[in-house]
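S.K.: Sequence:
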Amino acid sequence: MSEERARELLAKSDEDIDFSDIPELDEAFFKNAKLVKRQPNTEAISIRVDTDTLEWFRTTAENHPEIRGYQTLINDVLRTYVTHQTSNSDPKQSLT
Numbered sequence: 001m002s003e004e005r006a007r008e009l010l011a012k013s014d015e016d017i018d019f020s021d022i023p024e025l026d027e028a029f030f031k032n033a034k035l036v037k038r039q040p041n042t043e044a045i046s047i048r049v050d051t052d053t054l055e056w057f058r059t060t061a062e063n064h065p066e067i068r069g070y071q072t073l074i075n076d077v078l079r080t081y082v083t084h085q086t087s088n089s090d091p092k093q094s095l096t
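Everything in the sequence shown is counted per my numbering, starting at 1 for the first residue and increasing by one.
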C-alpha cells in the first residue's frame, strides 16, 4: 500500500466508509469459522544497535503507517540484505 493511500484511508471517518457490499457476520458464520494461527518462524533476540540507527528505524516506522513497527522494519531490511547477498554466485564475496 502506498503512503498516500494509507493517509487517505486513515483520514476517512467510519461514517464515510461504504459497508453495503460487505455481508453481515451472523451466528452461522461464527459457528462454522475456524481459528487460523500463523506459525511464526521468527526468533526473539537481543542485539546492540547504535542509538542513532535505532532512532532512525523507530522514527521511520512511526511516520509510515503501512510499516508494522520498527522491529518489523529492521527484519525487512535484514531480509532484503540476506536475499541480495545470497543471490551472489561467489560465497566468498557475500560479505562485501
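Hints were generated in silico from the structure; no laboratory data involved. A few of these clues could be false.
[To be verified] What follows is a list of derived Cβ distance ranges for each label pair:
#1 ASP16 <-> THR60: 27 to 33 angstroms
#2 ILE47 <-> SER2: 27 to 33 angstroms
#3 GLU3 <-> GLN71: 16 to 22 angstroms
#4 SER20 <-> TYR81: 42 to 48 angstroms
#5 THR60 <-> PHE30: 21 to 27 angstroms
#6 ASP76 <-> PHE30: 18 to 24 angstroms
#7 GLU24 <-> THR51: 48 to 54 angstroms
#8 HIS84 <-> SER2: 21 to 27 angstroms
We treat Cβ as the ideally placed atom computed from N, Cα and C, and that holds for glycine.
S.K.: Checking against the hints above, which ones are violated?
M.R.: 5 and 6
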